Amino acid sequence: MEILVCVRRVPDTSENEIELNSAGNEIERDELVYSINEPDNYAVEEALQIVAKIGGNVTVATVGGEEDEEVLRREMAMGANHGVLITDEAFSGSDGKGIATILKAFVQKGNYDLILTGVQAEDGGAQIGGMLAALLDYPFASLVNSIELLEGQKLKISREIEGGNKELSEIDLPCVLSIQTGINEPRYVGMRGIRQVASIPIPTFSAAELGINAKAVGEAAAKVKRVDYFIPSLGKGAEILHGSREENIDKVLELVAAKGGLK
Amino acid sequence: MARIFAYIVHKAGIASDSAFELAAAARKIDSTVSPTAILTGWGADLDAACNTLGGSYPEAWKIANEALAYPNAELVRIALQKILPSDSIVLIAHEHFGIDLAPGLSIKMNSAFVSDVVDISAVEGPSMKMVRQEFGGQVSAHVRCDSSSGAVLTIRPGAFKATEITSGRSLVVDKSGEVGSLATRRRYLETIVAEAGDVDITKYNVLVSIGRGIQEKDNVSIALELADAMGAAVSCSRPVVDAKWMEKSRQVGSSGKTVKPKVYLACGISGAFQHLAGIKGSPFLIAINKNPKAPIFQVADVGIVDDILEFLPELTNKVREMRGTPAK
Numbered sequence: 001m002e003i004l005v006c007v008r009r010v011p012d013t014s015e016n017e018i019e020l021n022s023a024g025n026e027i028e029r030d031e032l033v034y035s036i037n038e039p040d041n042y043a044v045e046e047a048l049q050i051v052a053k054i055g056g057n058v059t060v061a062t063v064g065g066e067e068d069e070e071v072l073r074r075e076m077a078m079g080a081n082h083g084v085l086i087t088d089e090a091f092s093g094s095d096g097k098g099i100a101t102i103l104k105a106f107v108q109k110g111n112y113d114l115i116l117t118g119v120q121a122e123d124g125g126a127q128i129g130g131m132l133a134a135l136l137d138y139p140f141a142s143l144v145n146s147i148e149l150l151e152g153q154k155l156k157i158s159r160e161i162e163g164g165n166k167e168l169s170e171i172d173l174p175c176v177l178s179i180q181t182g183i184n185e186p187r188y189v190g191m192r193g194i195r196q197v198a199s200i201p202i203p204t205f206s207a208a209e210l211g212i213n214a215k216a217v218g219e220a221a222a223k224v225k226r227v228d229y230f231i232p233s234l235g236k237g238a239e240i241l242h243g244s245r246e247e248n249i250d251k252v253l254e255l256v257a258a259k260g261g262l263k
Numbered sequence: 001m002a003r004i005f006a007y008i009v010h011k012a013g014i015a016s017d018s019a020f021e022l023a024a025a026a027r028k029i030d031s032t033v034s035p036t037a038i039l040t041g042w043g044a045d046l047d048a049a050c051n052t053l054g055g056s057y058p059e060a061w062k063i064a065n066e067a068l069a070y071p072n073a074e075l076v077r078i079a080l081q082k083i084l085p086s087d088s089i090v091l092i093a094h095e096h097f098g099i100d101l102a103p104g105l106s107i108k109m110n111s112a113f114v115s116d117v118v119d120i121s122a123v124e125g126p127s128m129k130m131v132r133q134e135f136g137g138q139v140s141a142h143v144r145c146d147s148s149s150g151a152v153l154t155i156r157p158g159a160f161k162a163t164e165i166t167s168g169r170s171l172v173v174d175k176s177g178e179v180g181s182l183a184t185r186r187r188y189l190e191t192i193v194a195e196a197g198d199v200d201i202t203k204y205n206v207l208v209s210i211g212r213g214i215q216e217k218d219n220v221s222i223a224l225e226l227a228d229a230m231g232a233a234v235s236c237s238r239p240v241v242d243a244k245w246m247e248k249s250r251q252v253g254s255s256g257k258t259v260k261p262k263v264y265l266a267c268g269i270s271g272a273f274q275h276l277a278g279i280k281g282s283p284f285l286i287a288i289n290k291n292p293k294a295p296i297f298q299v300a301d302v303g304i305v306d307d308i309l310e311f312l313p314e315l316t317n318k319v320r321e322m323r324g325t326p327a328k
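Chains H and B supply the protein sequences, listed in that same order. Note that the numbering used here gives residue 153 to position 153 of the first sequence, counting from 1, and the numbers run on in steps of one. Note that the numbering used here gives residue 176 to position 176 of the second sequence, counting from 1, and the numbers run on in steps of one.
Because the hints were derived from the structure by calculation, they are not lab data. Bear in mind that the values here come from a model prediction, so they are computed numbers and not experimental data. Do not rely on the hints blindly, as some may be mistaken.
[As the list claims (entries may be wrong)] Now the stretches of chain H that chain B is said to cover, found in silico as 3 or more residues with beta-carbon under 8 angstroms:
#, segment
1, 15 to 23
2, 49 to 62
3, 114 to 126
4, 154 to 165
5, 236 to 243
6, 250 to 261
Glycine included, C-beta positions come from ideal geometry on N, C-alpha and C.
Isolated chain H, as found in the complex:
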């Protein structure tokens, strides 16, 4: 099976506190640690497990710049066969539809049976998979937390719905699935693995090479634009205890008891 996984490099929120810049309209990016968007990593692992069962290839692709190569290499170190960087000045400022339009052009250059995305990026809208499927006129399912291969170009999938319940469906290939975290246990990637793929050239594709009309993507075509960032002031917030640890522990126990929690 030929599988394409669309991935993104994002600031890692488990490693960073996201702060605003001095102008207060953008996040401070200088000191940020970036990594693969977490759900995307689960999607790559799922693709690798499918290919390990029935054969085929896993391609990871991202729309971005040179700095994004590091996440492609990371996923290649996990076992992805190919990494592809889709890059062009004209793509800058694209909204979700713009990114999906770019990916559609790339998909149509290949012959993929299955396209996976992570369910959502930290700064994204859980939108690219569904948009890409609609542009390609492929069936789509979001929040997928298990995939089983069936005979006859079909999959049996489960979606995560409310209360931890699972919605089971059958879906025809080719299709697009957005993958939920927890679907598998992504394998560990060590420095050694990264070094082994460090010198593999990563092919790039431009708007012209993909036959994309530059006017259909990028900032000019975007109907949705981020204006600025700000820190929300939600309600009064918590009363922060500033005592010593011992004092704080006593206070917590007092409060828990007062609220009927300790009998």
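Since the structure of chain H is provided, determine the placement of chain B on it from the hints.
Using the frame of chain H, we list chain B on its own:
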């Protein structure tokens, strides 16, 4: 101003509470316009649901089709495409069904799409300025959307205060005939109900709830010991389940359990809205997190900036001391 529609999720003949939040969002976009409800389904449940909207929606468009008896977003999307005017503004609740339906609908309608909207801050003609949260709620962003050829917006549950107008009743307009037959390449099979698990976290007055801050599986015992000393149970947020450190049945949140304890100790939990959505009944919320900027501190009653791996064992010792139970 374009016509505003709200897609209403319903179950067992009753519209979801989100219906009234969508009505509030619609009125925030344009206070002069009455939003129109759209309901899809089949049989008596659908007809009953159309009558549970009170006066919030003067008009309810109904699509009855046997293929829509189960709400399969792939089919609902096709049905909506057939009946919606091209420049419509469509509001959908941002939960599992909306996430499935909405992005593709915006493409098929050639509309703008903004997901997980928490507020509408300004509307100037077709230009709408909205608020979203990014990075797990650590920062918010203003997003401008050009809705001149329509817009599909998913609305975060709980973000808009429901304004239910109880008097009155929707005029039901039957649009079923405009939809025709529906076929899909994704066929619903069945729903598997979540397993109960070893501990029922919904039954406890106190929950010691752990998040990513617990860092590794071996540290879960720190929380279990505290809960044991307090007569509480340990619950958790999504990353703990994803990492397979605890069972799914321990997860609090929109994709896990809904709990109503008296006291909720959020330990190393950042406070993503999907997690908070599972905490009901306004418990006394104590947050312990080493990141002073963690969004959990915005909603907690009391906050402590500390490392849970050090704080919790000391708390456990103190509880045991107080209760005269020896350390195990």
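_Need the list of violated hint numbers for this structure, in ascending order._
2
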